[in-house]
Amino acid sequence: MRTTTYILSCITAVLLLAACKKAEELKYQEDPRVYFTKYVTNPDSIIYSFAVQPNDVTTTTVPLTFRIMGTAVNRDRVINLQVDDSSTAKLGYHFTLGKLVIPAGQYQAEVPVTIYRKPGLKDSLLNAYFTVKESADFKPGYDDYASSLNKKTRLQYKITVNDYLLKPTSWECCIAGYLGAYSATKFRFVILVTGKTSWDSGLDRTPGIMNFVTTTAKNALRDYEAANGPMLDENGQVITFP
Amino acid sequence: MIRNQSLYKSLLAASLLTAAAACYKDKGNYSYTETNTVTVAISNIETNGTLNVNQADTLRITPVITQTLGKDESRFAYEWKIFDNSPTSSYTEPRIVVSKSRDLKIPIIAPNFTLGQRYRFSYKVTDTVTQITAMYTFNVQVVNRFATGWVVLQDLPNGGDFSMILPGDVVDHKIFAQTNPGTPLGSGTPVRMDIPFPSVDDAISSPGKKFFVYHPNGGIELDYTSLKKRYDLQTMFFNPPAVLKPQGISYWTYPNQVAYASFGTFVSNRKVYISEMGGYPGAKKFGSELAMANNSNDYEAAPDAWQGISWPIVFDHKNKRFHIVRPTKLDNFPDTVSTVANLNNLKKDLVYMDESNIVRAYNAILKDDAGQRHLLRITFSSTDYILTSFIQAMNAPDIEQATAFASNPTSPHVFYGAGNKLYRYEVTSNSSTQPFTFPAGESITHIRFRGGPEMLVATWNGTEGKLYRFTISNTGAISTGTYIKEYTGFGKVIDLKYKG
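Chains P and A, in that order, give the protein sequences. Heads up: the first sequence at position 65 corresponds to 65 in the numbering used here, and the numbers run straight through without jumps. Heads up: the second sequence at position 72 corresponds to 1072 in the numbering used here, and the numbers run straight through without jumps.
Warning: the hint list may mix true and false statements.
To give a feel for the contact side, a few chain A residues facing chain P, derived at Cβ under 7 Å [as the list claims (entries may be wrong)]:
| hint | residue |
| --- | --- |
| 1 | 1238 |
| 2 | 1276 |
| 3 | 1282 |
| 4 | 1287 |
| 5 | 1295 |
Bear in mind the hints are in silico, worked out from the structure with no lab data behind them. Where a beta carbon is used, it is the ideal one built from N, C-alpha and C, also for glycine.
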């Protein structure tokens, strides 16, 4: 009896000691993912026109902003970005991409896209469509719903480029009330006298800015008319402002 | 075993005795010792009330300490503790003991106190024998001694500066030089100053009231509290005009919105510039000069803009008419706004205009080509641009020579000064009286009202500027028949405004 008690006590002691072993922490191991950031000031696309730049400007750079899901790591990680077949802008000719990496220790990175002012842009509007694909380091991030603000998901981005004036998408909703009916001649004149080239963001069209743009354009038009007579647009219409 | 049973019996007996003792009825016949209750009061400051104290003044407080037993106060310990309790301050501002004396006497200066901040004071009295304490809490708002008062802009031998008539009839001179040592107010004789009524949140400077001073070729904004120069007025434009000759800056709120200005007008070199306010991001700056409805800029705006219904109106000296100031142009009035005067073509020049004693109604004194003065009453309805008005040739002696005007905001009168004579024109009866005459040799240069009861008149005798304060009755009469206070020792008064 005493022997049995002794043996059971030893087994219990051994089991108790075994329980003291440190267990591995239970941590969620997420898949590293990457996606395009999208904010009011950084929507799902960029429209760039060389037409508002002097002739000696032959290149420009626009950013693609990526953000990761998961934690940063201590090495650069590669992003796999696909230029979709539907793109009319050609990689290596109309544009080139910067180094597609999320640098070590970073959660976000801007990859520069260099756009070249090619002769064909004078009469063509070219698009480059990008889609995030899986790489050795990242799976594609999340694929949210398109909204009125962002027509594309967080895995897609579009760059549109030309070398002729493109009517801002916000003209009818947000600019016509200040500048009236659109014409390319009027738009070019407004850009020339105000120096304003950004129109698509709400921050580009605050009431104060648009009042300033409108009054500046009206005063310049008055000076033009005093020297040259009425200014006609490409349709033969006299340019006026409300 | 037997020993255990004895123990159990003993414990049981003890339990029964304890339970029985609980049935004993307490007679409550104790003897009490009265404690010394201490209370604190501070005259003129309610608990949690706010006391405005000028920066750099010494705050002196003698609390009233009341005791129920009248013990010697030498057994008390005192502590005055403060923390910054301003709306913009964090909850973790340090608590600072500023005094351990019974009475407080501390200078309101840095580092413990900052102009414009609000401090929570707690005064604690501890009876060191009983450890009973009494507390009293209140707030101290650190204000500038120049917070309120009449501001008198003057042309002085060594450049422009302004004085203030402070509460208590204290007069302080050359205030700009005091608050901005080494910085000139501007080049040349100052032209005018403006202290618009509404607060402004333009993201150019801190939200709040504005204070502008103009000189012939520019101007500055002063910090409303400290009266230090903030910036030159070019800062207020997206693209400053090549020639800046400020004449007047006005800010307006939409009807029934009084918190912050919704619209600003800047008249410079007789052209109008606007700034549209609102909750949108970025600085709300003034744009380019406005053109008339036909896009001509052949106009000459008067310095002031006046609140219309949604948008202000301005007078155009060149075309002898009013315009509606819209965000991108000076617009015409609809043809239906008046049956007695065509505001788009008055054919009379504006001599003076200000708010009348009726809400949304203005007194405008016009001059026709023959020199006859007319009073035009412009009254905006509360709902649209429909406007009712009357116009009458003024029966007002010497008004052709008048150099100063002021509409009484509480009675139907316009005071005007011609030479040393002060006249009062009654709009309703179209008649005038001359209630006061200043000493020979003095000419009236400015008349201003502060509310209805207080009227300040500035005169100039060629070497000295003087100010006279009158009290005006509800019926618009000079209460005592003469002024109640004379202020001397001023330079030539350029402008006179109340800062409040």
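Here is what the structure says about each hint:
Hint status for residue 1238 of chain A: holds, given a least beta-carbon distance of 5 Å to chain P, under 7 Å. Taken as an interface hint, residue 1276 of chain A checks out: its beta carbon lies about 4 Å from the nearest beta carbon of chain P, inside 7 Å. A hinted interface residue such as residue 1282 of chain A counts as satisfied when its beta carbon comes closer than 7 Å to some beta carbon of chain P; here the least separation is about 5 Å, so the hint holds. Checking residue 1287 of chain A against chain P: minimum C-beta separation of about 3 Å stays under 7 Å; hint holds.
Hint status for residue 1295 of chain A relative to chain P: holds, with the closest Cβ pair at about 5 Å, below 7 Å.
In summary, the structure agrees with every hint in the numbered list given earlier.
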